[in-house]
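Asks: Below are the chains, spelled out letter by letter.
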Amino acid sequence: MTATEWARISNDAFNVALFAYLAAMVAYFAYLAFRRTSIWTVARTLAFVGLAANIVSVVARGLAADRVPWGNMYEYSSLLALLVVAGYLLIVEGYYGIRTLGGFALMFAVFTMAIAVSFLYVGPGPLVPALNSYWIKIHVVAAISGSSLLALGSIATILYLIQDRVERRRTAALAARDPAPIMGGSIDLDVPPDFAPDADEPATPASGDRRGRLPSAATLDRVAYRVYAFAFPIWTFAVIAGAIWAQEAWGRYWGWDPKETWSFITWVIFAGYLHARATSGWKGRRAAVIAMVGFVALLITYYAVNLWIVGLHSYAK
Amino acid sequence: MAASSPPPTLSQSLALVWRTLRSMRTALILLLLLALASVAGSLVPQSPNSPARVLAYRQDHPLAGALYQRLGLFDVFGTWWFALITTLLFVSLVACLVPRTRALLRAVGQRPVQAREIDAFPQYRERRVSSAPGDAIVASERILRRRFFRVARDPDRPALAAEKGILREGGSLLFHWAFILVLIGVIYGKGTGFSGRAVIVEGDTWVDAAANYDGQIRAGRFFDGRFTGIGVRLIDFEDRYERTGQPMDFVSRVELLDADGEPIRREDIRVNHPAGIEGLRLYQYGFGWAPVVVVRRDGGPIASEPIVFVQDEAPEGVPQLAMPWRGVLKLPSLDPQVGIELELWPDSRAFVQMLETGEPVAMTSAFQPLIRYAVWSGRLTDPSPLSLDTTNMTREATGIVGADQVVALEDGAVVDDPAAAGGLTIGFPELRKYTVLQVSRDAGVPFVLLAAILILLGLLPALYGSRRKVWVRAEPDGEGSVLKVGGFALQRKARFEEEFPRLVDALARAAGEAPAPQEERVGIR
Ligand code: HEM
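Chains as they are written, first to last, in this note's numbering: chain A, 1 to 317; chain B, 1001 to 1525.
It is worth saying that the hints were derived from the structure and are not from the lab.
Backbone N, C-alpha and C define an ideal beta-carbon position, used for all residues, glycine too.
One-sided excerpt, in silico: chain A residues whose CB lies under 10 Å from chain B: (1) Ile-136; (2) Trp-245; (3) Arg-252; (4) Ile-265; (5) Ala-271; (6) Ala-278.
Restraint ranges, calculated between C-beta atoms of paired labels, are given here: (7) B/Arg-1243 with A/Ala-278: 55 to 65 Å; (8) A/Val-59 with B/Ala-1362: 24 to 34 Å; (9) A/Phe-34 with B/Arg-1111: 51 to 61 Å; (10) A/Thr-41 with B/Pro-1476: 49 to 59 Å; (11) B/Val-1017 with A/Ala-175: 40 to 50 Å; (12) B/Leu-1084 with A/Glu-167: 34 to 44 Å; (13) B/Arg-1243 with A/Phe-34: 51 to 61 Å; (14) A/Val-59 with B/Glu-1497: 38 to 48 Å; (15) B/Leu-1181 with A/Ser-38: 54 to 64 Å; (16) B/Ser-1011 with A/Ile-115: 53 to 63 Å; (17) B/Gln-1110 with A/Thr-41: 54 to 64 Å; (18) B/Phe-1223 with A/Phe-19: 52 to 62 Å; (19) B/Gln-1069 with A/Ala-278: 32 to 42 Å; (20) A/Phe-48 with B/Val-1113: 48 to 58 Å.
Partial list, computed: chain A residues near chain B (C-beta under 7 Å): (21) Ala-229; (22) Pro-233; (23) Ile-240; (24) Glu-248; (25) Ala-249; (26) Gly-251; (27) Trp-256; (28) Asp-257; (29) Ile-269; (30) His-275.
Using the sequences and the hints given, assemble the complete structure.
Replies: So this is what it looks like as structure tokens:
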């Protein structure tokens, strides 16, 4: 097949993926609302269809351009959506058995792809020489994998903040009632606080999914931590690989150009988050807020720097 | 503080500062401050990166600009307060690491401690096995050691204590110490290093010496001022483009020469493929056209050299490659002095198109190049080789000279035999290219790279490891014995809950699992 044909296939598959993700997002939210397993089956199937189309789109793009398919913002976005959805399906749903976060993960993917196709589209083509390096391929893969995981973690953190609030209200309401109910409360009374598992362990699937209800705040917090802890070394590696590339391309491994600065900021904030988890008085909500700030920094690193702040990296548009 | 209490002594105050620096909260706040300072550095243009934008900003916003200047916001990463945050963070880091490292070393030296009541641990199981107690413990020790536990036998009875996962704390410490190595590498490398630019025309040789750098050399504080004297001869420079005008490749083919001018080897320097020699690294940085322009007076050449031409930045919407190239030729020996402004069109078709339709055309390669010139006479005041200050000069003539042509400056007429021509003539016998190489020395790079590797190596066990402790005791029971196993994990308890029964199975198997009926007590705590 010719490059043009591959390019068309890539674009068509991209659109299929976007619409499948959109439908899957709606279905996942419907599942959250109505808690029917049949809806979940539909949502999951749609998400897998979208994922398959997304993979086809990325591969065809690579064949059309005759290089690795991560050379500009449009391609990064497609890959980012792919990894977020795959990460959700494999890690959150597959490993932790939590089914209720799908709508949020897919919403992220839909936004990423919609922004990509509306504002960032460029046709497939070869890379400018500065981007034609072994290290940048590694750097970009690590950066996108790290970003997608940080994004997934942030989804869990957002829901943690919501759920934590709900649970506090409920506890407060229960405490106000007299006498305290032994049974019938819908909060987690089955785990005595002294024996609550450590913050850094994976939630067991059984306690994670209460069919359609959001997982408990403690579970969401734990999942978020595990995902961040998984993402952090990858992000660290991405920054290091970027520095090695910068050394090869421009003769300095670090120059505080805006992209470098913002990836450093993101990294430092998540290091702060990891510290907060180990600091008494900073666990829980405060740590979650730091992670949210980190997520905003990630979005700025990803979008704002390329689109609005100029630097050496801006030719990667 | 109550008025009556005595003021703290110096050592008390120092102890307080030290304790504050050691606290996790301080580390956290310093990290967040570092992030905040960096945000400022990315939002305000930085003079080391983009001096032109800083100037523009200061012109557009005089008030804010002056304020930012005072606060150092145009060079955040070079200000005293950024250095202060970094220094505090590193002092805090050392303050944290010293006691943690000591504790770790102590823990490594210590043997695992025996437990008295092992059935009180969160994980606990009993198994009947066929071996005698002593043999069962020997077998257990073998299994545990194979799984990288550190094992200590109880001298008084058939029992042992085992633990593993020191790697977690060790990894965390390695990770944190590695930042000190980053700091050392950065300070050493930047302090003793330098970077500058070399402009080399095809066929010429550039020698590494202070005077031969183009513009300023950025040198570190401890730079010893010594240059290697090595030479770089540019054989040729090639730039290739797509049909769309997108660049594909830039290559400087060079020959490296030692300080005596003897050739060492040839290299192709590309973007992303620097060359290295004697601690220097040579990077492809830029390129341009360097036409050879010959000026004769009454037939005798008074200037015949390649002149480095530069381009103005293209206005919005015009491809950079469509811009003509500018150069200046100065003839200070004439009276009155003469300066010639030159404008090169490497592809004359683009020039024609420009005249006819005004449409810019990208010039990706040379095709019948031509030079437009304007001759000025008067006094040469501008010292820059790239510009001509014409305020005190009068324009004498303008014209065009094509490749391989010679024209008389006075009337622009083509001259057939320049050696015989009277007055001033200008010729354009050759079009060459030049390359701009960035030359830098940074001896800290290996240290920083090593530190980066250590950071990653330390981070993995620090984030994913966990400390686990296991105790085994064997008590006689009929022919064989009862194996009692207890344990707990300091982190990642859920995973240990899955790992523990498998471990007990392995221990029981090694000690000869007794046939059924199996009695098992599962401790859930
Ligand atoms: C250079 C700045 C620093 C960075 C980038 C950094 C980063 C990190 C990261 C990513 C972790 C999680 C991995 C692990 O558990 O080892 C961590 C843990 C830790 N850091 Fe730092 N850190 C820095 C400075 C400090 C300082 C100044 C202290 C002293 C208070 C400190 C104390 C700790 C401790 C005690 C842990 C272990 C927490 C736990 O038990 O999980 N760090 N650090």
